[in-house]
Amino acid sequence: MAEQAINPIEQFNVSPLFSSHKLGHTDIAFTNASLLMVIILGLVSLLMIYGTSRRSLVPGRLQAAAEMSYEFVADTVRGTAGNEGMRFFPFVFSLFMFVLFANLLGLLPFSYTVTSQIVVTFALAALVMLVVIGYGLFRHGTHFLGLFAPSGVAKPILPFIVLIEIISFLSRPISLSVRLFANMLAGHITLKVFGGFVVLLLGSGTAAALIAPLPFIGIIILTAFELLVAALQAYVFAILTCVYLNDAIHPGH
Amino acid sequence: MANPPDDDAAMKARLKELSGALDSHRKAAAAPKVAAGAPSPNGMGQAMSLGFRVMSEFVAAVVVGGFIGWAIDRWLGISPAALIVFGALGTVAGFWNVYRIAAQPTGPRRDSGR
Amino acid sequence: MDPVQAQLHMADAYMNAAKYIGAGLAAIGMGAAAIGVGTIFGNFLSGALRNPSAADGQFGRAFIGAALAEGLGIFAFLVAILLLFVK
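Chains as they are written, first to last, in numbering that gives the first Met the number 0: chain A, 0 to 252; chain B, 0 to 113; chain C, 0 to 86.
Don't read these hints as lab results, they were simulated from the structure. Bear in mind that the values here come from a model prediction, so they are computed numbers and not experimental data. One should not assume that every hint holds.
In silico DSBU-like cross-links for lysine-lysine, where the CA-CA straight-line distance does not exceed 35 Å [stated by the list, open to error]:
1) A:Lys21 / C:Lys18
2) C:Lys86 / C:Lys18
3) A:Lys21 / A:Lys154
4) C:Lys18 / A:Lys191
5) A:Lys191 / C:Lys86
Counterexamples of contact, computed for chain C against chain B with all Cβ distances above 12 Å [unchecked claim]:
6) Gln6
7) Leu7
8) Met9
9) Asp11
10) Tyr13
11) Gly23
12) Ile27
13) Gly30
14) Ile34
15) Gly37
16) Asn42
17) Ile63
18) Gly64
19) Leu67
20) Leu82
21) Phe84
Using C-beta positions, here's what the derived DEER-type ranges look like [stated by the list, open to error]:
22) C:Asn50 / A:Val13: 49 to 57 Å
23) A:Ile219 / C:Phe40: 31 to 39 Å
24) C:Met29 / A:Leu201: 25 to 33 Å
25) A:Glu70 / C:Ala31: 22 to 30 Å
All residues carry an ideal CB built from backbone N, CA and C; glycine is no exception.
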């Protein structure tokens, strides 16, 4: 019975909330993941709209939060992709807020971490790469492919360099999505495993129950670490989006 | 009435001197934070984000290289040849990615009192 | 079960056993990566004690080194997963 109760993977399965509807072959059910996404969307827009509604000179708490997140992402974009990168600011900002809120909400008990599904993170990463490639081709045309042949490279090894650049370009969406996914997945599994320790120790006799608080303290520390990792992953996702956009804006570094 | 212009001049001089003092004060306030020895909180965050980026870029490049090699192997039927070649290329691409990330000089005292 | 099927079954069992042993050995690679990360941070700390003013700037590079060592450890993990779950 204990094994069935303490399954660290069980927290990740997506279950439809209402009865699942079929649209042709695809199952368009409103699952707990989509519920969380709607909640995230609501919270982010609530924060930004309500936060900036009063526009008082002395900002209230909500307005300070809205302004702070705006300033933070604007500095990152301006610092990494330059002023022309600010054209993509709304895109980067919404990505950052979505990932940040998804990670933070995921830490609440009984909620669901949307970014612990590879399909969600890969969709975000693919979206970023499509914007990068689209804008690069739109703005520089075929010259954008100069990105794969950096200037000042000796002719004989150019094909190798081009191959290496292609591989490193292809690895970008993979690294973007797998980093976020793996960090969130590993963090939450560790939390649940420590939780299982506490339950098992409490369940098996008084001697073991004495050391039960140890994994409990472990959970407290791990949750603090998870908070740091959650914010950090959102920041890393945003700053790398800016770095890749910067490559699209001026190829051939 | 000569005094309004030199009043203005005096005012401007005092203003400049005041802003100079303000700037030096701000720099002084910022300096001890950097020399405090313990890495400042965003220093830790900065370094960890660098670490996360490096690890995933490196691993992703090698995995993508290996996958392309494996895919070409299956497609052309030359058993491990393409896997070895593209695996090596992926590793080189991985180190090239890491070099590009690490090449920005993180000097001994980055001016964080901006 | 006729002998041929029994033989097949036996061969299958051997293969599975070999896979598990291989995955176990691959886990040692993770340990080696941990030693690598340990040495990197150990040397960084001893260097930082000798010259604390330079510690801040090189803090990022210590993490880059540690990340590379962890990255190679991830490959050991990848091999173990491949052995276990790929038919």
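Taking the numbered hints from earlier one at a time, note which ones the structure violates and give those numbers from smallest to largest.
1, 3, 17, 18, 19, 23, 25
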